[in-house]
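Colleague: Could you slot chain B onto chain A? The hints should help.
As they're listed, the protein sequences go chains A and B. The numbering of the first sequence is this note's numbering, which starts it at 223 and goes up by one. The numbering of the second sequence is this note's numbering, which starts it at 223 and goes up by one.
Just to be clear, a hint being listed does not mean it is correct.
No farther apart than 25 Å at their CA atoms in a straight line, the calculated lysine-lysine pairs in the BS3-like style are these [to be verified]:
1) B:Lys371 with A:Lys260
2) B:Lys263 with B:Lys343
3) B:Lys313 with B:Lys334
4) B:Lys343 with B:Lys260
5) A:Lys590 with A:Lys608
6) A:Lys364 with B:Lys371
7) A:Lys364 with A:Lys334
8) A:Lys371 with B:Lys260
9) A:Lys313 with A:Lys334
10) A:Lys371 with B:Lys364
11) A:Lys343 with A:Lys371
12) B:Lys334 with A:Lys260
13) B:Lys283 with B:Lys263
14) A:Lys260 with A:Lys334
15) B:Lys343 with B:Lys313
16) A:Lys364 with B:Lys260
17) B:Lys364 with A:Lys364
18) A:Lys590 with A:Lys626
19) A:Lys263 with A:Lys313
20) B:Lys313 with B:Lys283
21) B:Lys283 with B:Lys260
Everything labelled a hint here was simulated from the structure, so no lab data went into it.
Spelled out, the chains give:
2 protein chains.
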Amino acid sequence: MQTINIGLFGFGTVGSGLAEALCSQHERILRRSGLSLKLTKIAARSLSSLPPQLAGVELVKDADALINDPSIHIFVELIGGIEPARTCILKAIAAGKHVVTANKALLSQHGKELFAAAAAKGVEVGFEGSVGGGIPLIKALKEGLAANKLLAVMGILNGTANYILTRMTEERLPFAEALREAQRLGFAEADPTYDVEGIDTAHKLAILMTIAYGMNISPQQIATEGISTIEPVDIEFAREFGCRIKLLAVSRDIGGAVEARVHPTMVPTAHLLASISGANNAVEFCGDLTGSIILSGAGAGRLPTGSAVAADVIDIARNIAAGAVGRVPALSYLPEQIVDRPIAPLSALSCPFYLRITALDKPGVLAKIAAILSGHGISIESVIQKGRRENEPVAVVILTHTAKEEAVAAALREIDSLDTVAAPTVRIRMLGEE
Amino acid sequence: MQTINIGLFGFGTVGSGLAEALCSQHERILRRSGLSLKLTKIAARSLSSLPPQLAGVELVKDADALINDPSIHIFVELIGGIEPARTCILKAIAAGKHVVTANKALLSQHGKELFAAAAAKGVEVGFEGSVGGGIPLIKALKEGLAANKLLAVMGILNGTANYILTRMTEERLPFAEALREAQRLGFAEADPTYDVEGIDTAHKLAILMTIAYGMNISPQQIATEGISTIEPVDIEFAREFGCRIKLLAVSRDIGGAVEARVHPTMVPTAHLLASISGANNAVEFCGDLTGSIILSGAGAGRLPTGSAVAADVIDIARNIAAGAVGRVPALSYLPEQIVDRPIAPLSALSCPFYLRITALDKPGVLAKIAAILSGHGISIESVIQKGRRENEPVAVVILTHTAKEEAVAAALREIDSLDTVAAPTVRIRMLGEE
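Okay, chain A solo, but in the shape it has when bound:
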């Protein structure tokens, strides 16, 4: 029986979940792999002692105590953030250690550097925990769909935003109230910007896109809009149109270029992604052979993410034991096959749009709006106009057929400058059929 030693840097939510997973499941992992995975050291600056279940584990002060320990095979980074995580991972790689991390911010922004260092040193980097919590979606994409060309990858990748939208939908709460509730329950940070403005989702999409399409991409290249501007009235209209509003990450291989965007999206309720509720995550992979494959589950949390990190540790341990390090390239494609590809600008997008126009209820307003849309080649699928109050602003809600983003933007500039339009038009993209 071979023993693989693990050093853990960071003992927060996920770190403590991993420690619990490795210790409580030691026997089960042994029965599956024939390997004894031993968590030998945990580096956590702010901790003075470890909980009694981790009796055999040594608490050390800093990552160097793990990196400089030649008995440690796998270095697990779970402190999050860019620094000192980046430097410590690079040092661990230089010391010949395999690395497991769940750090999506780091990987999406400095992945190229880290993966290059790991490839040069011949060590593995596992990052299943960085996207989708406990859902084994990176393994599914890298290995399960290895024979497929990926045509599209989309999903609900942020549990906080999905929780807020779910509460807004089910309880008809305004955004601010749903956010406060999420914060009270520990689903949202004190500063929720990363989650609600789509930044975290863009980080995760960048990671998935690199694997799916074999391409370099940084989160800055992803057009990103959050959910803080969504109002209960939009959720209500979405319902009337048979849709739910979700913060969706969307990417498509459209030939020369690749689409990459994160924004609130009207998802028809017949689509499985519309049914993903609460803090859950889901991802849809469209392979040219498989068609649509959807994976869903808890998108965060101590034990689910701990499970994903542990799966990486087991995977790498199997490779160490079998002498098969590098068996599957970290990013699915061989390093030299990962290329730059143009990102399609958002202005080139075509999809159906939801438009909520705040118009004064005067005769001829709808005719004017319709004429402007038609002048930009945008055709109308349906219109809802509610609450007739003469000379007061009412919502005129329009669902368009598939239209060009650019044309919609131009039409809205005209519409919003009409005397009879009282506020900027709210525009939400809809998940189309393409």
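Modeller: Just chain B now, with coordinates in the frame of chain A:
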């Protein structure tokens, strides 16, 4: 660049899908794995020539021509059925070839023999294509959830049955008509018994259970009921109770024993499995760390299943190239860790029940029925009684709280012997919260 040679036995739907996948994606697989996967020979008795896209592939008459070819590394069996598939796989293993198959009937009934032979010879057996078509669920279970104790595995594993139920639900068709439609569209065989009576689902559940719980199980141990007795009226009432009827495979680790059953099930629409429509499949894995993980997609078909078989071929090819054969045990647990476990008898089951009683509309009938149920310790969650026609049979539909299968059976014996009950009661189990 290393070349791995593949011999394919069977050129039906999935066989031709695999051949297309391996040939059309040769370049992509090379960019991912650094390996050239070469389909060198296809054995297909009834074929006189191969399509032009397979120009480089040799057509041979029988499996022996593959088995006796020392240049072939991986033997892919896609003829289906028990014999000659079983004998050919055993011969291929004896000849030291790795095996990939999608043959759920064979694996669920003769898996023990085949996996033992493969373990003794030190060759791999891949079978991702045997359950869930293109969904990479076996890899997810074996590797993605490797750190989890599996608490439950359930799912919609037969696309034909799900297609029929979907059409019955959406178009209010009777079973026979939905079946005829499925046959016309090629979703159902001329003899649909395996699909509609739950046999195919039980085969697949047996395979999943072996991997999930590390246990021996044969399909004969799984209590199996099909969907041919479901009537449109039940689907209608299910809708009123906020449910959809699905043919569900259900297993749970309940401590000493394991539940294993296949039957029509009322699934609350809030549960994602209720939203799986058409010929799609979905599986839910409940891990002790991850919680519920659901994977869904096309459950059958030429290219989706071809994708799953190709993923196995790629996986084994990587192991051959890395000298890491046996890196992950075929059944997730090490062979010596796979044990016999008792299967909980269906009579020990507790769940909520849907009961459709055909009663004459006479005063006091409902009171009598309620008294019998109560006498067996069964409490009622809700009742629907429709279409009052005095002295004629009407449907009295009852949803129970969680009740014992045995108690329900005993109560129904009493209820069905009442003078005022005109036909055997229809009883459908409901997906409970446990």
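Colleague: Each hint: holds or not?
Modeller: Evaluated hints:
With a C-alpha separation of about 18 Å, the suggested pairing of Lys371 of chain B with Lys260 of chain A holds against the 25 Å cut-off. For a cut-off of 25 Å, the pair hint linking Lys263 of chain B to Lys343 of chain B stands: about 23 Å separates their Cα positions. The straight-line distance between the Cα atoms of Lys313 of chain B and Lys334 of chain B is roughly 16 Å, inside the 25 Å bound, and the hint therefore holds. Of the pairs offered as hints, the one joining Lys343 of chain B and Lys260 of chain B holds, with about 24 Å between alpha carbons and a cut-off of 25 Å not exceeded.
The hinted pair formed by Lys590 of chain A and Lys608 of chain A meets the criterion: a straight-line CA distance of about 18 Å does not exceed 25 Å. With a C-alpha separation of about 24 Å, the suggested pairing of Lys364 of chain A with Lys371 of chain B holds against the 25 Å cut-off. Between Lys364 of chain A and Lys334 of chain A the alpha-carbon distance is near 17 Å, which keeps this suggested pair within the 25 Å criterion. As the CA atoms of Lys371 of chain A and Lys260 of chain B are separated by approximately 18 Å, the hinted pair is consistent with the 25 Å bound.
Using a Cα cut-off of 25 Å, the hinted pair Lys313 of chain A and Lys334 of chain A holds, with the two alpha carbons roughly 16 Å apart. Between Lys371 of chain A and Lys364 of chain B the CA atoms are separated by roughly 24 Å; this keeps the pair inside 25 Å, and the hint holds. Between the alpha carbons of Lys343 of chain A and Lys371 of chain A the distance comes to roughly 29 Å, so the proposed pair goes past 25 Å and is violated. Restraint check for Lys334 of chain B and Lys260 of chain A: the C-alpha separation of about 32 Å exceeds 25 Å, so the hint is violated.
Restraint check: the Cα-Cα separation between Lys283 of chain B and Lys263 of chain B comes to about 10 Å, which is no more than 25 Å; the hinted pair holds. Proximity of Lys260 of chain A to Lys334 of chain A is assessed by CA-CA distance (about 30 Å); at most 25 Å being required, the pair is judged violated. Among the hinted pairs, Lys343 of chain B with Lys313 of chain B is consistent with the structure: their alpha-carbon atoms are about 11 Å apart, no more than 25 Å. Our distance criterion of 25 Å between C-alpha atoms is met by Lys364 of chain A and Lys260 of chain B, whose separation comes to about 21 Å.
Straight-line distance between C-alpha atoms of Lys364 of chain B and Lys364 of chain A comes to about 15 Å, which keeps the hinted pair within the 25 Å bound. Under the criterion of a C-alpha separation no larger than 25 Å, the hint pairing Lys590 of chain A with Lys626 of chain A is consistent with the structure, at around 20 Å. For a cut-off of 25 Å, the pair hint linking Lys263 of chain A to Lys313 of chain A stands: about 17 Å separates their Cα positions. Restraint check for Lys313 of chain B and Lys283 of chain B: satisfied, since their Cα atoms lie roughly 16 Å apart, inside the 25 Å limit.
The straight-line distance between the Cα atoms of Lys283 of chain B and Lys260 of chain B is roughly 19 Å, inside the 25 Å bound, and the hint therefore holds.
Figure legend: structure checked against the earlier numbered hints; hints not met, in rising order: 11, 12, 14.
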